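Enquirer: Spelled out, the chains give:
2 protein chains.
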Amino acid sequence: MTTYQAPLADIRFILEHLAGLPEIARLPGCEDASPDLVAAIHDQAGKFAAGVLAPLNPLGDRQGCQLMDGRVIAPEGWHDAYQQFTAAGWPGLSLPLEHGGQGMPRIVSAPVAEMWAAANMAFAMLPQLNVAEAEVLMRAASDELKTTYLAKLVSGEWAGTMNLTEPQAGSDLSAIRARAQPQDDGSYRLFGQKIFISYGDHELTENIVHLVLARLPDAPPGVKGISLFLVPKFLVNDDGSLGEKNDVRAIAIEHKLGIRGSPTCTMSYGDGGGATGYLVGAENRGLEVMFVMMNEARFGVGLQGIALGEVAYQKSLAYARERIQGRDPVSGRNGVAIIEHPDIRRMLLAMRARVMAPRMLAYVAAGWFDIARHHPEPTVRDLHRRYIDLLMPVVKAWSTELGNEVCDLAIQIHGGMGFVEETGIAQHRRDIRISTIYEGTTGIQANDLIVRKIQKEGGDTLQLLIAEMRSVAGQLRANAELAALGDSLADDLDTLEGTLGWLLAAARERQAEVLAGAVPFLHLLGTVCGSWQMGRAALVASTTLQGSSDYLRGIVLLARFYFAHMAPQAAALARIVSAGGATVVGSGEAIFG
Amino acid sequence: MTTYQAPLADIRFILEHLAGLPEIARLPGCEDASPDLVAAIHDQAGKFAAGVLAPLNPLGDRQGCQLMDGRVIAPEGWHDAYQQFTAAGWPGLSLPLEHGGQGMPRIVSAPVAEMWAAANMAFAMLPQLNVAEAEVLMRAASDELKTTYLAKLVSGEWAGTMNLTEPQAGSDLSAIRARAQPQDDGSYRLFGQKIFISYGDHELTENIVHLVLARLPDAPPGVKGISLFLVPKFLVNDDGSLGEKNDVRAIAIEHKLGIRGSPTCTMSYGDGGGATGYLVGAENRGLEVMFVMMNEARFGVGLQGIALGEVAYQKSLAYARERIQGRDPVSGRNGVAIIEHPDIRRMLLAMRARVMAPRMLAYVAAGWFDIARHHPEPTVRDLHRRYIDLLMPVVKAWSTELGNEVCDLAIQIHGGMGFVEETGIAQHRRDIRISTIYEGTTGIQANDLIVRKIQKEGGDTLQLLIAEMRSVAGQLRANAELAALGDSLADDLDTLEGTLGWLLAAARERQAEVLAGAVPFLHLLGTVCGSWQMGRAALVASTTLQGSSDYLRGIVLLARFYFAHMAPQAAALARIVSAGGATVVGSGEAIFG
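From first to last, the protein sequence lines are chains A and B. Quick note: the first sequence, position 284, residue 284 per this note's numbering, numbers continuous. Quick note: the second sequence, position 23, residue 23 per this note's numbering, numbers continuous.
Note that these hints are calculated values from the structure, not bench results. Nothing here was measured: the structure is a model prediction, and the numbers come from that model. Zero decoy hints are in this set.
If chains are identical, the list can't say which one is meant, so a pair holds when it fits in one copy or spans any two.
With a straight-line Cα cutoff of 20 Å, these simulated DMTMM-like cross-link-like pairs (lysine to aspartate or glutamate) come out: (1) K456 with D328; (2) K224 with D328; (3) K456 with E509.
Given only the sequences and the hints, what does the whole structure look like? Please build it.
Expert: Laid out in structure tokens, this is it:
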């Protein structure tokens with residue numbers, strides 16, 4: 001059985017030639033990201049992912065987590081693996097040096113996060129929560145809270161959680177009912193139940209630092225009355241040692257389709273008189289702060305789609321090369337490996353294209369994060385922040401939708417062996433299924449893209465992006481070998497721009513129709529962004545580097561595959577967006593049968 | 001929690017107005033299929049499916065089957081349900097009166113088979129095997145075998161199995177190694193192992209009648225050396241009573257992603273000196289006979305895609321009407337049911353369209369079976385046999401691919417509640433996953449479609465079908481209200497015909513490229529057939545019946561949705577078929593990274 005190998009050649013190619021690692025390593029604060037160090041980090045991470053995390057993955061799925069006598073028991077071996085993980089300093093890879101992190105830019109940590117998820121998605125969710133919570137505390141917490149909690153989260157000694165969802169408040173957080181009672185000492189007592197809390201309880205760390213959304217007394221209704229609180233599992237004494245257990249506990253864990261190695265808990269706060277918590281940020285502004293954490297998490301979830309696609313692809317490729325079945329359809333030669341069958345080969349390439357295109361976009365976006373944070377020019381920072389805001393819904397939703405398709409194709413290539421659990425392929429499919437749901441469903445991402453990221457600013461940032469993509473189309477057209485790709489990209493950009501015009505024009509009178517096309521539009525934008533990045537990759541591989549290796553020649557061929565198999569969706573999606581909404585809204589109840 | 005309700009209004013509309021039930025009921029041998037009796041059968045079947053089978057479905061999933069001390073134990077309640085099922089005469093519904101069946105035409109039994117699968121797919125596989133095996137025995141078995149086995153299979157007292165797959169022989173049956181040794185008394189002794197045998201062993205019936213593919217001594221290699229044998233679990237005495245246990249047993253059962261209520265067995269034949277078997281059909285012609293059974297089974301699997309889509313749709317619709325979350329995006333009204341969100345509504349309609357379009361095609365094909373069997377005119381019989389042969393790969397593969405999409409959308413609509421196992425939505429997704437794999441993968445179906453059903457006869461039957469579809473396009477164009485649908489269908493038929501021309505022209509020199517586009521072509525043909533049937537439905541509902549009910553007005557609106565959301569795929573798929581193959585074949589190994 002093939003195990004996961006970190007895709008180091010792909011990572012290096014994209015970082016160096018598409019995502020701008022050489023330029024980012026020259027930005028102030030990113031100087032440590034030298035080519036050698038980055039390569040060493042990725043090499044070490046790849047070894048840890050393949051050697052330590054991947055072997056625990058099927059075991060976590062089989063054993064799951066158990067709630068016994070109020071304790072949540074992790075799968076065998078996970079505690080040990082987590083100790084090694086923190087000892088190696090991985091939790092703080094992207095976090096600032098001043099809080100004990102490694103200070104690496106996002107462009108370096110993103111591929112590492114992808115590796116953790118590929119090797120063991122259920123495990124990888126734990127350190128991802130630390131990074132997100134540390135970002136929240138750095139931005140919004142009081143110095144006192146920072147002093148007490150930040151270093152422990154950066155080191156991974158303590159774990160983090162996000163407590164948002166309640167039974168009546170899923171995608172709609174305005175319905176949150178958990179409440180917080182101010183105390184004389186400036187702390188709060190929290191009461192309420194939260195559901196679907198990833199790593200809500202466990203004993204992998206000595207303490208867990210919950211971030212909890214709740215309402216203060218007399219808070220305004222809706223989203224403007226929600227505050228954010230830090231609630232530790234164990235209270236922390238002034239000297240930093242652990243004090244008594246707080247009034248919070250896991251009262252149930254879910255039986256899930258996938259990511260079974262991670263405990264998804266129902267958390268109860270305040271059954272014994274109130275859980276002690278501390279306000280993070282301003283009163284009633286909790287959602288704004290939490291959205292910082294959620295945007296971090298969304299990027300991470302997008303990487304999960306790529307990651308599970310990668311491991312599913314690797315296993316399918318290996319299986320297709322080994323499994324002997326049937327005849328070559330052209331030569332008639334018998335007993336060939338199934339990769340010789342054109343449809344199997346097509347599926348493998350469909351998988352690789354669905355991993356590589358969103359990976360290119362995600363790593364490029366990771367570079368934008370670094371530029372937006374570290375570039376000396378405010379206008380440059382601002383532009384890249386706008387690009388991130390625009391495309392984060394695409395990185396999250398498009399990558400995960402494609403990741404689901406890739407894992408599904410992996411089952412198809414394995415045939416009956418993919419449907420039995422023993423091969424582990426089905427687990428990847430089950431695990432990845434949550435990725436288009438949590439941290440905002442695909443529908444939520446698509447609405448965010450259209451309403452807040454496009455319509456609200458009249459499409460300005462998308463126009464800037466289209467102009468950048470047009471320049472790539474022009475470069476492709478100027479290259480005899482790649483001109484057809486340039487024509488295709490130029491056509492699809494016209495289509496995209498036309499659809500954008502429709503989205504803006506229809507906003508006032510026909511907004512429900514626009515929103516009925518939100519998800520197809522997100523796929524349209526993702527598909528065109530994929531053409532853009534594949535086009536860039538082909539230009540670099542064929543022109544700049546003159547196809548000087550098998551790898552580079554393979555990149556050009558993959559770009560051709562993408563343009564022939566995925567790009568044609570753009571025109572179909574544009575038709576669906578602009579003409580489909582009217583058949584969705586206002587068609588009454590009888591249409592449902 | 002909503003349970004399944006048989007979609008009687010949809011069934012009646014399609015049978016009466018699209019699939020030709022009134023005409024079929026006038027064919028010799030089909031006279032019993034009066035409107036009243038058919039309605040009563042469907043009503044009763046719907047009650048049995050909803051009342052008896054559906055409640056056992058989650059239970060079968062949770063408990064699975066156990067192999068204990070050589071016995072395969074079914075989930076609780078299944079034995080009792082099966083007794084009721086046979087007592088009501090359901091196993092023989094479509095089988096001839098002379099063998100104890102009910103003699104109903106396929107157009108009547110197909111919706112019933114859909115209901116069983118919708119209520120409990122794992123259970124429904126058992127009676128489906130009886131029907132398929134009875135068809136094989138009727139066509140190919142000796143009178144002696146028919147006398148001994150047929151009535152028991154028709155009544156459901158005994159169960160059937162299909163033993164094809166071996167570890168090295170999955171999609172490629174030419175690699176079969178199981179062997180049969182002739183005995184002096186005319187019987188055979190069988191030796192070998194078979195894997196992935198659905199209902200290979202159980203105690204739901206007193207006997208199990210295995211059909212087994214194996215090789216005779218000195219048989220030619222490959223597919224021309226495979227014979228078919230009947231191997232009973234218990235030998236049958238001359239008086240019909242059960243004799244001693246045969247030398248066949250289940251040695252393992254699979255742990256599967258879905259259909260866990262059905263035992264999928266590894267069967268061992270001849271460990272104790274040889275399992276007694278009897279030749280069915282001629283020596284070395286077993287595969288031909290078995291293909292009869294497989295084609296029956298393929299139609300049934302296509303219905304599974306529709307069935308699980310239906311139940312997933314029903315539950316999603318109910319959930320979307322109940323679940324309160326968020327604001328109306330246009331009015332701003334708070335606390336609306338999620339069906340008010342345009343993207344949720346779009347997903348629900350995407351589900352309904354993906355159930356109804358393949359259902360229309362499948363029921364129409366069911367009617368073709370009856371016409372091909374019972375019509376007095378040989379030319380009419382022949383034409384409909386050709387249509388069946390052409391479109392059976394589409395009914396099997398397109399219906400199941402769409403069924404997978406529908407079940408996946410059901411999870412998406414349920415959000416986090418779809419990802420936890422407690423709601424039962426995830427089970428439908430897991431169950432349906434096998435449907436694009438067993439009885440020939442989607443890739444196998446697509447190759448069959450292109451090579452044997454189209455290229456082999458120069459596309460003649462498809463041309464006849466295109467002409468029939470063109471006439472519907474013409475009728476739509478002649479109708480002011482539906483003219484746009486007619487234009488769209490006419491365009492897509494041009495596209496389809498152009499692609500057909502390419503498939504035929506490229507057959508000699510570029511066949512590997514053609515086959516790399518086989519699955520996209522199957523989707524193209526399915527999509528256009530869906531437009532054809534949706535167009536017919538809209539014509540009937542709007543013109544013939546003058547939109548005289550909410551239901552009929554809903555059908556017209558659903559057709560509009562289909563043309564706006566699914567038909568646009570046709571052009572994209574055609575581009576992929578004709579230009580995509582070249583980027584798949586001959587691109588070497590470097591493209592895999």
